[in-house]
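Colleague: Protein sequence lines, in the order shown, are assigned to chains A and B.
Going by the numbering used here, the letters in the first sequence line up with residues 7 to 202, in that order.
Going by the numbering used here, the letters in the second sequence line up with residues 7 to 202, in that order.
Simulated from the structure, these hints should not be mistaken for laboratory data.
Keep in mind it's a predicted model, so treat the numbers as computed, not measured.
All C-beta atoms, glycine included, are put in the ideal place defined by N, C-alpha and C.
A few of these clues could be false.
[Claimed, not checked] Pairwise CB distance ranges, derived in the manner of DEER restraints: (1) B:Leu-73 with A:Ala-56: 34 to 44 Å; (2) A:Arg-29 with B:Pro-115: 39 to 49 Å; (3) B:Arg-136 with A:Asp-34: 51 to 61 Å; (4) B:Thr-21 with A:Val-33: 24 to 34 Å; (5) A:Arg-64 with B:Pro-118: 25 to 35 Å; (6) B:Gly-79 with A:Glu-38: 52 to 62 Å; (7) B:Leu-73 with A:Gly-52: 42 to 52 Å; (8) A:Glu-125 with B:Ala-17: 35 to 45 Å.
The residues making up each chain are set out below.
Number of protein chains: 2
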Amino acid sequence: MSTPAGEKLIAAASTLFYRHGIRAVGVDLIAETAGTTKKTLYDRFGSKDALVALYLERRTGIWREFLHEHLHGRPVEDLFDVLALWLREQDRGCAFVNAYAEIGGTGHPAEPVIRAEKEWMRAFLVDRAREQGHPESTGVALHLLYEGATVLATAGGDPDAPARAKASALAVLYPPADEQGERGQQHQHDHSLAER
Amino acid sequence: MSTPAGEKLIAAASTLFYRHGIRAVGVDLIAETAGTTKKTLYDRFGSKDALVALYLERRTGIWREFLHEHLHGRPVEDLFDVLALWLREQDRGCAFVNAYAEIGGTGHPAEPVIRAEKEWMRAFLVDRAREQGHPESTGVALHLLYEGATVLATAGGDPDAPARAKASALAVLYPPADEQGERGQQHQHDHSLAER
DNA sequence: AAGTAACCATACCGGTCGGTATACTCGCAG
DNA sequence: CTGCGAGTATACCGACCGGTATGGTTACTT
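Let the sequences and hints guide you as you build the complete structure.
Modeller: Take a look at the structure:
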């Protein structure tokens, strides 16, 4: 936690950074939106870069909470239903991918935060898959499908990407029992997440 | 094609936009890097936004050429070897995803270029998969894995992501013949792309 | 010979960038 | 009652932003 004015600044910065991007948002606008001053911003955080790193750190917590709350007690493939739900409000996609697009490779203090988030998600999915009796490679595949679905739902403009990713995930988790080739998403298992 | 000075401007803009991002690069720097002037830039392209759109349009062509050249005559799963090769030089990841992170949802003239690229890639993979006897859903799965691998190789900092994606792709393309669960990437088929 | 497309050079515009400086007010703990 | 952390308000800094204006120089066409 931070001071009251500090929290208002983080909240304003988070909204603005996510919606418009990092470079597109100036510190003047952040301070004004938060109803405070640039002086306070620099007293609390020292630099815009530090505020950016904090924005992403806060965001990891929010996503993990959302994920745990909605995936609790459900099979791992329902991840994609949770993602679809998340993207309905977070329509600018993955904040970490977006941030990396702007600051990647510059030595920015937020870079390790981005890598850590991706690593955490990989480990989470490997663990969850393992609990259901699947090898590490299956968790990795789920992670790849998850990132792909996020990108295609936003930059790709395909709102059904998470649903398609779920279908692909089911094919990986429960491979068809016959020998080869010709068929597709024939088994539907209906593990689908109830609309809440 | 454009005039000589126009081409120099596009080349300079492409390098700079890809390396540092769109907002991070000013028109003054582009003109100076190209060894020409801002006047010429505006005479040729009219606005920075138009130059951004052109940058992405050019980039689609370069990637498609690279893809066709390296994937020619090889099975579709070798896509991931081609991607690894591409990312060895294009280490800032997908230019379209990065651009969308900066301009997405703003009505920028480059937005349709981004969506078109993702759609083209989807159609390409669906076609290629179909040629090998696989249903549309398999091509879609390959597309998701491809986007996921690109993100995880760059923002995720995992240079082996394309290789992992290939293993996942093989599991989708050639599902294991037994009933369920417990095993992973047991068949390796060795369709791997010869190092060139 | 006149016109024109392409180009270079330079200066300018209002606005915003990240960051700093100065000065003042409040509430609270020693 | 004094000192200090937290806050507000405002002004300032040099640098850069996207975009425009003016003017002059080639080279090729009609």
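Colleague: A separate judgement is required for each hint: does it hold in the structure or not?
Modeller: Here is how each hint holds up against the structure:
1. B:Leu-73 with A:Ala-56: 34 to 44 Å: holds, 41 Å
2. A:Arg-29 with B:Pro-115: 39 to 49 Å: violated, 19 Å
3. B:Arg-136 with A:Asp-34: 51 to 61 Å: Since B:Arg-136 and A:Asp-34 have Cβ atoms about 54 Å apart, the given range 51 to 61 Å holds.
4. B:Thr-21 with A:Val-33: 24 to 34 Å: About 29 Å separates the Cβ atoms of B:Thr-21 and A:Val-33, which means 24 to 34 Å holds.
5. A:Arg-64 with B:Pro-118: 25 to 35 Å: holds, 33 Å
6. B:Gly-79 with A:Glu-38: 52 to 62 Å: holds, 59 Å
7. B:Leu-73 with A:Gly-52: 42 to 52 Å: holds, 45 Å
8. A:Glu-125 with B:Ala-17: 35 to 45 Å: holds, 36 Å
Of the numbered hints listed earlier, the single one contradicted by the structure is hint 2.
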